[in-house]
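Use these hints to put chain B onto chain A, whose structure you have.
There are 2 protein chains.
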Amino acid sequence: MKMKQYQKVYQSIRDDILHGFLTKDDQLPSIRQAAIQFQVSKTTIEKAYIMLEDEGYIYACAQKGYYVLVDQDALTLRRQLLEPMQQEQPKYRYNLSKQAIDKDMFDFSIWKRYLKNVMELQDELVTYGDVIGEQSLRQALSQYAYRMRKVFAYPENIIVGASVQVLLYQVLALHDKKKIIAIHKNGYVQAKRVIKDLGHTIIFYETLTKEFLQHHHIDILYIQHPMVYLNEKEREDILLWAQQNNTYIIEDDHNGELMDFHHIRSAWQKVDIHHIVYIGSFSRLLPSSFRISYVVLPKSLFEIFNKQKIQYSPSASKIEQLALANYIIDGHLERYVRKLARYYDRKSQYVYEMLRTIFPHEQIELESVHLRYLITVEVYNMDELDKYLKNNGVCVTIKHQKLVISFAGSTQENLYQALQIVQSALLQCR
Amino acid sequence: MKMKQYQKVYQSIRDDILHGFLTKDDQLPSIRQAAIQFQVSKTTIEKAYIMLEDEGYIYACAQKGYYVLVDQDALTLRRQLLEPMQQEQPKYRYNLSKQAIDKDMFDFSIWKRYLKNVMELQDELVTYGDVIGEQSLRQALSQYAYRMRKVFAYPENIIVGASVQVLLYQVLALHDKKKIIAIHKNGYVQAKRVIKDLGHTIIFYETLTKEFLQHHHIDILYIQHPMVYLNEKEREDILLWAQQNNTYIIEDDHNGELMDFHHIRSAWQKVDIHHIVYIGSFSRLLPSSFRISYVVLPKSLFEIFNKQKIQYSPSASKIEQLALANYIIDGHLERYVRKLARYYDRKSQYVYEMLRTIFPHEQIELESVHLRYLITVEVYNMDELDKYLKNNGVCVTIKHQKLVISFAGSTQENLYQALQIVQSALLQCR
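Chains A and B, in that order, are what the protein sequence lines are.
My numbering numbers the first residue of the first sequence as 15 and each following residue consecutively.
My numbering numbers the first residue of the second sequence as 15 and each following residue consecutively.
This is chain A alone, in the form it adopts within the complex:
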């Protein structure tokens, strides 16, 4: 924003104080003198002086004028506090490791309109939100989750939060008793943190075999779809096991809307609403900066939460919640997500073909919900590869012997150029 005249005067004097040209108890020019000196009106000078006084830089002495208040001790700190911070992270020309979305797909102007409309609801905005989330959003989510993922989510059973992690702190603390929770060994690191923090016991699994489930006592089973990829029969077995042992399953449906792109599989929750806790989020659908997730609880669990809810504070922004509610109700989210899924399908095919040329014999694996490919490259020195890529402006995540290529957030042209560099890196580091 452009600086106003009084701000310029304010800043000039403040800088003189910070640089030590004016020191404690020095007298400032009178308002009349300063007005001539700065070539502005007396009102402007007055405004600047009031601001300096307000912020503790100067003090007024009746009938005498204005004096500097700041002493040497305060100076050093003030100077440091006003200095801009250095950028910490290096920037890469081609960043294939970022978790972003393709911004051209999202219509910011529509979203802006919804935010703007919510800003008119001043009575809503001056009060706290409901801990379980805004009623209109829970209502909209119940329809959205049903249409997109076939989830049976009554508004009364939904809790909205700023992140999946915040919701997990609430869901996994519903009972006082400590639990034994099974989670995939490569599972969501933020979920593991919550389980550990709350004092539960973690068991890791790699594949959800019958043997695993029968040989361990498990109170809660945490599944994430790309990791737990089972056919109908295997799924039925697990659900039967959950019923027989009265075990809860937490179904973390992270970006489930993008699963397998156009032939979308529905969530497990619809099969057993009494044992499945469903978690939905929008982190790769809506711009990743929006912080809204939701959980659908079985009725019995929701009732427990509802009794404890006074012990929690709302976490998701009310403005964003109300805007999202209207955005969903008007059908925008559903249309956008369906369009997005088709688009990423095409884009993943395009990237696959490029990768196949570069890696003709390697195993290439698509993780659709994460919008990335995993390529197993056995024969390379990964440290050297990483270094070469970074030196040439390409940032790629490397996990053991796997290259992780995220294709969202970069244009096709950028991806093409970046993969050319990957190709020459491979020649270099073989």
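FYI, nobody ran anything at the bench for these hints, they're computed from the structure.
It is possible that part of the hints are untrue.
[As the list claims (entries may be wrong)] With a straight-line cut-off of 20 Å between C-alpha atoms, the simulated PhoX-like cross-links for lysine-lysine are:
| # | chain 1 | residue 1 | chain 2 | residue 2 |
| --- | --- | --- | --- | --- |
| 1 | B | LYS193 | A | LYS192 |
| 2 | B | LYS210 | A | LYS193 |
| 3 | B | LYS210 | A | LYS191 |
| 4 | A | LYS112 | A | LYS401 |
| 5 | B | LYS191 | A | LYS210 |
| 6 | A | LYS210 | B | LYS164 |
| 7 | A | LYS413 | A | LYS112 |
| 8 | A | LYS192 | B | LYS206 |
| 9 | B | LYS164 | B | LYS191 |
| 10 | A | LYS199 | A | LYS164 |
| 11 | B | LYS130 | A | LYS130 |
| 12 | A | LYS117 | B | LYS413 |
| 13 | A | LYS323 | B | LYS112 |
| 14 | A | LYS199 | A | LYS416 |
| 15 | B | LYS193 | B | LYS210 |
| 16 | A | LYS38 | B | LYS164 |
| 17 | B | LYS191 | A | LYS206 |
| 18 | B | LYS416 | A | LYS323 |
| 19 | A | LYS284 | A | LYS164 |
| 20 | B | LYS199 | B | LYS22 |
| 21 | B | LYS413 | B | LYS112 |
| 22 | A | LYS313 | A | LYS323 |
| 23 | B | LYS126 | A | LYS130 |
| 24 | B | LYS78 | B | LYS22 |
| 25 | A | LYS105 | A | LYS117 |
The following block gives chain B in isolation, referenced to the frame of chain A:
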């Protein structure tokens, strides 16, 4: 928003399906027929049919036409999901129990401008935020906290989160070892929940006497200012005790900016930045719906958090963070908060005078950071009083023998009228 023609067609057919006038496998009119029937163009009908197909209401059969897809089982649920929810909470004409702000004091149009400007930063919005908060906001907060509360907060030591509670889950889990944490017996209920969830031990105190501190082993002392109201000497003793025992103090400076209104006391943190964890929030300054709080950690603790930060996800809305950063940098927040403090000071005096007339002999206590008065009324039947007030449209929180009168969020006229009803309630229920 006004419904478009294709939406009307869509809704009309959808309603016919939901009401059972069209049942599974019934054929829909052809596009040409429907266009005549609804008096709209064929394109409009096509658009509506595609939407119905997208949402799983109908299916297309090549060369034959469109048929209803939804069966009886799905109908009941869909109908319920589309029904509006009932309002749960009763509304009162005069609500003196709400935690709100005086909305006329906050300039929504300025804030809207800042939100709007941030909406232009599309590259920022499509990526995740930093777990510790946006750099520009941490920089702005470091200046704000120093100017308003004399807190020494380097941007590098600040973590931003959606709520104090979310931040406490992070701060109180920095060490693996379980701690003994002392908190005021009427302390922040959300903090107690976190302490309990994380498996720490709670000790309650009523007043922070030397005896209390010496006779208990305490790892962390949690203080909130209106509850822990000590003179300089007492404060020094506690800080000395903290240094000697290497105990952390969590200073929850909830609305500290409003403490004692114009003659603002500074926070404790400035005295010992190595042992004090400072928590700031805006819940009664900015409209309560904004979800941004921050914590200033001693350097040693921040370094531990920084190593673990991959295990957490950002919780505060990035849009609101970036808007707040610019709002602070341009000086709006500081000017607004100073104006607000002066305003609440005048308002509290006005309310005090009214209360004194109604309660000439009772103890009337101001809690400035909570913007409320506590009135101890010994001789009344509180259940009866509560009932009478609610029947007459007044909602007041009653705690044991105390009436809690929140004066923010209501106009002076409303407060006057509500207190008239309180006065007649007293006559009735004596």
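Status of the hints after comparison with the structure:
1. LYS193/B x LYS192/A: Between LYS193/B and LYS192/A the Cα gap is close to 18 Å, so the pair holds against 20 Å.
2. LYS210/B x LYS193/A: 16 Å, holds
3. LYS210/B x LYS191/A: 12 Å, holds
4. LYS112/A x LYS401/A: 18 Å, holds
5. LYS191/B x LYS210/A: 12 Å, holds
6. LYS210/A x LYS164/B: 36 Å, violated
7. LYS413/A x LYS112/A: Holds: LYS413/A and LYS112/A sit about 15 Å apart, inside 20 Å.
8. LYS192/A x LYS206/B: 18 Å, holds
9. LYS164/B x LYS191/B: 32 Å, violated
10. LYS199/A x LYS164/A: Violated: LYS199/A and LYS164/A sit about 28 Å apart, past 20 Å.
11. LYS130/B x LYS130/A: Holds, at about 8 Å.
12. LYS117/A x LYS413/B: 52 Å, violated
13. LYS323/A x LYS112/B: 17 Å, holds
14. LYS199/A x LYS416/A: 17 Å, holds
15. LYS193/B x LYS210/B: 11 Å, holds
16. LYS38/A x LYS164/B: Status holds; Cα separation ~19 Å.
17. LYS191/B x LYS206/A: With a Cα-Cα distance of about 18 Å, the restraint between LYS191/B and LYS206/A holds, given a limit of 20 Å.
18. LYS416/B x LYS323/A: 24 Å, violated
19. LYS284/A x LYS164/A: Holds, at about 6 Å.
20. LYS199/B x LYS22/B: Violated: LYS199/B and LYS22/B sit about 58 Å apart, past 20 Å.
21. LYS413/B x LYS112/B: Holds, at about 15 Å.
22. LYS313/A x LYS323/A: 15 Å, holds
23. LYS126/B x LYS130/A: It holds: about 8 Å lies between the C-alpha atoms, which stays within 20 Å.
24. LYS78/B x LYS22/B: 24 Å, violated
25. LYS105/A x LYS117/A: 19 Å, holds
In the structure shown, a violation is registered for the earlier hints numbered 6, 9, 10, 12, 18, 20, 24, in ascending order.
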